[in-house]
Every structure is written in C-alpha cells, then in structure tokens.
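Dock chain E against the given chain W, drawing on the hints supplied.
Single-letter residue listing:
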Amino acid sequence: MSRLSDYQDRMTLKQFADEDIDQLVSSQIANDPELADLAAFLTEFRIEHIVEPPPAEVQQLARSAAAVVRSRPAPVRTSPRSQRRRNLLTALRTSSAMAMSILALVVFSGLGLAANAAVPGDFLYGLDLAMEKVGIGAGGIEERISEAKGLADRGQHTEAADHLKASIAKYGDEASAEEVSKALHALDVYGDFVDDNGTPDMAPPPANENAGPGNNNAGGNSDNTPGNTAPGNSDNTPGNTAPGNSDNTPGNTAPGNSDNTPGNNAGGNSDNTPGNNAGGNSDNTPGNTAPGNSDNVGGGNNNGGGGKGGN
Amino acid sequence: MAYAREITITTKEFQTTLDAAQAGAEWAWAHLYQDLAGTVSGYLRSRGAVDAEDLTSETFLQVARNIKSFEGNYESFRSWVFVIAHRRLLDSRRASGRQPKTVSDDSPLAVVADSHQVDDEALSRISTQKMEALFAGLTEDQRDVLALRVIADLSVEQTAQTLGKGIGAVKALQRRGLASLKRSLSESGVPL
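Chains as they are written, first to last, in this note's numbering: chain W, 1 to 311; chain E, 312 to 503.
Read the hints as simulated data drawn from the structure, not as lab findings.
Nothing false has been slipped in among the hints.
Simulated coverage check for chain W against chain E, where a stretch passes if three residues somewhere in it have a Cβ under 8 Å from a Cβ of chain E: (1) 17 to 31; (2) 37 to 43; (3) 48 to 58.
Here are a few chain E residues that sit away from chain W, every Cβ distance over 10 Å (derived from the structure): (4) Thr327; (5) Tyr385; (6) Gly475; (7) Ala480.
Don't be surprised by glycine CBs; every beta carbon is placed ideally from N, CA and C.
The following block holds chain E by itself, in its conformation from the complex:
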C-alpha cells in the first residue's frame, strides 16, 4: 500500500493556529499536538526510545516554552519540532547511559528467519519484530536519516538540518540505507 502524508494544516490555518498557540490558546495546542504527536512519537520509537510518549510530551512542552519566538511556515515548524525531538532523544540516551543499538553479529536476517519458523502466518505480512530486525541491521546514521525521511516525512534538507549533517551526506546515507534494506529483504525472502 502506498502511503503519502496528507497535509492536515493549510498555510492559512497554520498561521491562525500559530498565533493562537503563541497566545496560549488550548485549542491551538490541541490542534498542533494532534497533527504532529503521532509522527514525533513514531520517530522516537523507531529510534529505540523506551519512553517515546514521555519524550513526545517533553518535546511539545519545550516547543511551548519557545513558541513565542518562532517565526516561519508550517514546514519550518515541523522541522523545528523534530530538531527538538531529536535532541530530547539524545539527552535521554545520555541520561540513561544507554547507547543506541549497533549492528551486531546477530544478523537481523537470523531474527527474521527465526520468526518464520515460529509464526508461519506472518509470511503474508511482515511483523513488527521482523521489521525492527531489518531496520536494526542499518547503521545508526542510516536509521536516523530513514526514520526522519519516512516517518517524520522531512525533506533531505530538513533532515540534514535536524541531524546537523550535510545534504550530500544525508543523500548518501539514505541511498546506502535503502540498498542495505533491499539486500536484506532479498536475502531473507520475506514476502511483503
């Protein structure tokens, strides 16, 4: 199934919402949170955050603290929110002393194969576990880029800004991450 993110807030609506949010209107914050909380928590969860919901709330409260100085359009706002979310994720990792998952000898393909043996019904549709296993086979930087591009739906430029990397580096990481995923999918023989 092809999925394209629907723009839920038009430019005019966003400006009205932003003005109200900067004035402290609850309805405006409800609107912004409903629009972005799903992708923010999804990004944090895909990057291994254990407390993704808490980090999402902290992200939006940080946005609220700085909203009065924000100027820009909807895309700028989304990009800004994910910059804060990414920093919250890094802070959380530092605080817990936990390093993100790295590529280990336990190949994600082995996990996928094991899953096959346990649950034949999953052959018709890749399970969350298999998906995570395949995604975990990527490098840390590749996962950062693909999570922001696919889940957060940021552009290459916005992704580069969020991660503090160059556009060329983001494109290279994106291409090689996808290539790695494609190879893993082919080798695992998992039907999608």
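Isolated chain W, as found in the complex:
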C-alpha cells in the first residue's frame, strides 16, 4: 500500500463519528449516506461467510462434545473461604519476606550490633530477641545469663534475678546446675555465696568493712553488723530483728522484711527463702506456707538459703 493511499485511507473516514463507524460495523447500518456502500459491502460479506451447519454435523459434534465433557474430571473450585485463606497466607508470606529483608538490613548495620548487646528493658531488646529467633546472635541460656549480668552491672539486681529466673524457667531442664552457678556468679551480689558446683554456700557473709558485732544499733542504720536490732535497718546481718528491715540474713524475724533468708517469719516478706512462713509473701521458696503467697517456687529454685553479703 502506497503512502498516498495510506494517507487517503486515514482521511477518508475522519469525518465520521465513532458511533457511526461502530454502528456500520456491528449492524451494517449506515446512518450517513456516504457510508451506504460500505454498509452494503459488509452485509454481503457477512451473509457470504456465515453458513449454518447441517443438522447431521450438529448432532455429531454434540455427541462428541458431550462425551468429552463426561470424560473430564470436575474442576477443583476454590471456595471464597479457602481463597481468602490463600490470600491471607500470601499476604503473610509477603509480609514475612519483607520483615526478613528489614531484619537483614538491621543486622548488617550498627543497629544490629547494638541490639545484640541490649538487656531487658532496653529499647532494642525486642529486636535482639527477634534476631535470635531467626538464628542471628547467640541466644539461649548463656545469653540470658549475660543479660542478667548486664542488669546487675547497672545495679538492677531485682530485675537481674527476675530475668534469670524467667530464663531458667523457660529453658527448663536444660538449665543445668552449672549454668545456674554461672548465672549466680555473674550476679556479683550472689557470687560469694555459691560454690563452684552451684551449691549455695551457707557460710555467713563477711562482716561489713567498718562494722563489728554490737556496733550501730541506732535506728535508721543502713549498714548493720550481726546483733544490730535498730528499727529502720535496710541491710541486716543475722540476728537482726528490727522492723522495717529490707534485707535480712537468716534468723531475722522482723516484720516488713522484703528479702528474707531461711528462718525468717516476718509478715510482709516479698522474697523468702525456705522455712519462711510469713503472710503476704509474694515469692516463696519450698517450705513457705504463709497465705497470700503469689509465687511459690518448687524444687530447684534459686533462692538460696545463704544470706546476702556485700552490702
């Protein structure tokens, strides 16, 4: 086709509206007289080509087609519910892949290193746990112990002990006595009272640096040697019975104690070793029978019977 005829073709029907063209083609009806010749051609073209099939051909095809259909298995139709489930799984897979990508980006950045060193309560601690779940970072009881050590280093002894207990509970039997020993050694506050086998050392804690027996009996003392009985003491050696004590060695029976060694019977204790019978205890080792206890530790608890030292 020459360029001239191509140009002519483009210009020939330019004057006609799309509606006229559509009607001409679909119904072979020309609204414009100038399209009458085309309408007639298209009508003839259609009539010429469309030939109704003979009845015998129809019947033969119908038999064949019906036989084909009957030989085919029913398609597996997807119900809306399973389709929704599939969509959800796809979305989850997509979001999981995206999360992994973000995690990989984090891991290989300084953020990942910072997260690995995080301890419970830190902003990045959640990220640390997420990395461990996908196998990045050590994880396990050893890292938990390391974290407890980190808390203890910050002076958060209670949090450290809680974290350790929760971790040991989580890892269950796998937390061997040796690991517990390591954990307690890691917490300096317990270190002097546990031997190398993880067995609590029942020996009394060392005396305070500047205190001797019989000294400092005045109320409000915060550092007391054995025999002190002044009220308001917050750290007492064995034999102290003053009320308000918050850290008592074995033998203390003063009410209001919050950390008691075996033998304490004071009410209001919140951390009791075996033998405590005080009411209101919130953390009790075996043998405690006081009402109000909310956390009763069974065998293998880590509330050793030794008193605390190193005020």
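Leaving out everything else, chain E in the frame of chain W:
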C-alpha cells in the same frame, strides 16, 4: 440489506444450556453449536482457513474440554469461543507453515476489474471472489479486526481481548480498514 445479528439465546436460556452442557448433555451442545458454529466457521473462512469446518469442530471440542471451568454470561461465552477459534487458526497456520495472505502488487482492484470483464451479470451483486479480493487488500490486522467485528459480531472490547490488542489499536485498525475498503469500492466502481 441491513443485517443485525439476532440474539438466539436469552440470558436465562443460556444459563440453563450452560449448566446442561457442563453436565455433558447432548441437547445443550447441539444448541450451542447450532448457535455459534456458523459464525465461527465464517470467521475462520474469512481469515483464509482452508479447513474451516475441521477447525470449527476442533474449536468446540476444545470448548468442551474446558467448559466445566467456565463461568460467565452469553457474551463472555461467545468471546471465549472466538478466542479459542483464533488460536486454533494461528496453530493451523503454524502447522502448515503457511503465512496468511499479504497485500501484494496484484491489486484487489485488478481482480475485481477482471471479474467485471468475465461476468457482466455480477455487476448487479458483488461476487464472493470480488468480495474476497477487496477484503484481501486490507492488512492482516485490519482483516482480523473487521472479521471479528462483522462476522463474529464481537464488540471492540471483545475483539481487543481476542486478538490481544488494545482497544485504541482495534478502533484505529477498524477505521482504517473501513477507509481502505471504501476507497477500493469507489475506485473499482463496483455497484453493490
């Protein structure tokens, strides 16, 4: 003579027929074949298929193989059937190694003029040969579009879907194909 395709199957009838066809009922297939076989074979023949009847049968057997997974109305069904027919046509061409007719130096107008000299009676009505000659003067794409629009009575959208082209492209091919036909008719002086 103006011709408008009559809708032979109503929506309700089609659903009943489709359900029966999907269950393998012969009467339903006879109904569907009788309704569409003429236009399918007409389309294939207009596009140069030598074995148009065989291709029509193959088209419907392919429809039968996939009918259980079909969901849609009558217009969707017609469109689907012509998609299969068009693919069968392309497969047939590939298998035979034959390319469709292309525009050659032998102008369709020359064929039409020769026909005039041989058969003066055809002046009153354009013959099949003349018609084919005029149609052969179009490009391949223009013939595809006009055959589906005129013979198969597909809409612009259905035609675009069948050929895998855009709607705008189909409209352009339709307009230019008609323009080419109009010019050829005017130049040949053939009365219709």
